[in-house]
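The residues making up each chain are set out below.
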Amino acid sequence: MARKFSKVDSIFRFLVLAVASAIVVLTVIYFYVLIKDSAVTLRTGLAFITGSTWNEEKGIFEVLPELYGSVVTSAIALLLGVPVSIGVAIFLSEQCPRRLRFPISFLVEMLAAVPSVVYGLWGLIVLSPLLEYKVYPVAQSYLGFLPIFRGRIFGLNFMTAGIVLAIMMIPIVASISKDALMAVPDSQREASYALGATRSEAVRMSVLKYARPGIIASVFIGFGRAFGETMAVTMLIGGAPDIPKSLFYPGQTLASLIATSYADALTPAYRSAVIEAGLVLLLVSFLANVAARTWIVRVTKGREAASFA
Amino acid sequence: MKATRRIVDKVLLSLTTVAVIIAIVPLVAIIFYVTVKGISAISIGFFTELPPLPASKLQPSPPGGLGNAVQGTLILVGLASAIGVPVGVLSGVYISEYGRNAYGNAIRFLGDTLVGIPSVVTGLLFFGLIVLTFRSYSVIAGSIALGTLMIPIVSNTTAAALQAVPNSLREASSALGVRKWRTSLLIISHAQSSIATGCLLAVARIAGETAPVLLTAGASNYWYSGLGAPIASLTYYIYNYAVSGTSNWVNLAWAGALVLMVVVMGINLVVRLVTRKKYTYG
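Those protein sequence lines, which keep their order, are chains A and B. Quick note on numbering: my numbering labels position 72 of the first sequence as 60, and the sequence is numbered without any gaps. Count along the second sequence from 1, then add 166; that gives the number in my numbering.
Keep in mind that the hints were calculated from the coordinates and are not lab data. None of the values given here were measured: they were computed from a predicted structure.
Covered stretches of chain A, going by a simulated chain B footprint (3 or more residues, C-beta under 8 angstroms):
no., stretch
1, 5 to 18
2, 63 to 76
3, 84 to 95
4, 102 to 110
5, 242 to 249
6, 259 to 270
To be clear about the criterion: a stretch of chain B counts as covered by chain A if any three or more of its residues have a C-beta under 8 angstroms from a C-beta of chain A, and this derived list gives those stretches:
no., stretch
7, 169 to 179
8, 277 to 285
Here are some of the chain B residues that sit facing chain A, going by a computed Cβ distance under 8 angstroms:
no., residue
9, I188
10, I190
11, Y199
12, A272
13, A377
14, L381
15, V430
Cβ coordinates follow ideal geometry from the N, Cα and C atoms, glycine included.
Put together the whole structure using the sequences plus the hints.
Structure representation (C-alpha cells):
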C-alpha cells in the first residue's frame, strides 16, 4: 500500500493535467491577444460597431456595415436552414426506415465535410449565376412589393451568401437536433398515440416539445457557425461595405472584412480595426456556444456533453 | 374531421422528406461539379509543376499545375498534426481518466466551446502573435494555427473514445494492483482505433481550412523554402484562382478542389463506413 502514490503515477497525472490545461490557456490567450492587439480601436468604444465611417487617412474605422452583413446573412441562413434541418432531424428520428437511417444521416453529415472554400467555389461559379438569372427575377416578380427584394439584382449579394450558409448549417443543426429527438423517451410518443394522435400530431405535441432545449441549442451552434464563416461568404457576398435595403445588393461581413483586408492593414489603427472585428466574432461565437452547451448540459445533466465531439 | 387530420398528417410527414431532398441535393451538385470540372483539368503535371501565368488570347500559357500547393498543404497538415495530435490526445486522456472534477468539467466545456470558434479568429490570433512579431508569414505560424484548430477536436473525440471503454476494464486493472498510469495506457490501447479515427477526421478538417492559412502561412508561387518563409497551399489557390476570372486559373481551382475533396471526403467516407458511427463537428 505504501506504493500507492508511485512517482510515475504522479508524473503521468501531472503530464496529462498540464497538457489538458493548454485548452484553458488557449481560451485565455484568444481573448487576451485580441483585446491587446485591438487597443487602438477599442478606445473608441461602441462607435466601432455603431458607426459606418471608414477613412484610412483620418484613421477612422467603424464596422456597422460589416456587423449588419454578418447579422443579415446569418439570419437568412437560420430562416432557410433551420426548418430544413429540423425536417431532416424529424425524418431521421421519427419516420426513417431503419435501413435508410445510416445512409441518409451519413450523406447529410458529409455536407459538413465539404471545405468552406469548395462551397465558395461552387457557389461562385455554379450557384450564383443560376440564382441571379433564374431564381431571383422570379422571386422578385412575386415578392417585389417587399423592399428587401426590390431594385437591381447583383450576382454576388447577401441572399446568395445566406443561401450557401444555410446549406453549410444544415448538417450541424440537423445532427444535434436529431440527437435531441432520439433522446425523447418512447413513452412520450406512446402517450400521444394512446390519446388518438396521428404521427405528426405526436411529433408536434409531445416529441418536439420534449426535445425543444436540444433543438434551441443546435440553432445557437448553427448561428455561431454562420456568423463566423469566412471563405464561402467572402467569395459570395461581393465585398461592398454598405447597408442597402435590398438583399440582392452586395455587402460585407466581419469575417469577410478580415479575410480581404488583413494584408492591407499597415497602420496601427487599421490593424487594430481588423483585429477588433475578430474580437467581435470571438465574443459572439463564444457566447452562442456557451449558451448552447449550458442548455445541453442542463438537459442531459452533463452525461452526454462529450457526445457532440 | 378525421379525413382532414389524416391529410394534414400526410402533408406534414412528406414535408420532412422534402427537407431531406433539399439537404442532399447541394451535396450531390457539389460532388458532381467538382468531379466533372476537376477531372478535365487534372493531369500528372498538376502534381509536379508550378502555377502558370494567366492565359490570354495573345499569350497562351502552358498548363502548369499546383505541385507547390500540394506540397505546401502536406507540409502544413503534417506539422500541424505533430502539434495537434499529441496535445489533443493527452488532454482527452485527462478529461476521461482524471477529469471527474470541476477542473475536468471546465476543460471539457471549454474544449466543446473552442470547436465552435470561427477558424478565422484562430488565424487572426497567430497573425498577431507570430506573423506581426516576426514580420513574415511562415510555415511555423501556419502549422501552429492549424495545430491549434486540431487540439479541441482531437481532445473531444479522444475523451469520447476513452469513455466508451467499459469501466469493468479499469476496475479489473486496478483490482490487480496495476498503477493508474498503466491502467490509463491499457485503456488508451483499447481505444486506439477510435482515437486514430478522431485524429484522421481532424486532419481532414484542417486540410480544408483556408482563412487561418491565409493569415498565417501566407502564400507563395514557388516550392517550400524553409520553415520561416511563406508557403503555398491548395486552399489558397482554390480561393485565389476561383475569384480570378481567368479561365486557366479557374480550371486549376476546380482541379485543386477535386484533389482536396478526394482526400477530405475519402477520409470521412472510409472512417464513417468502417466505424458506422456518427461524428459531428458541432
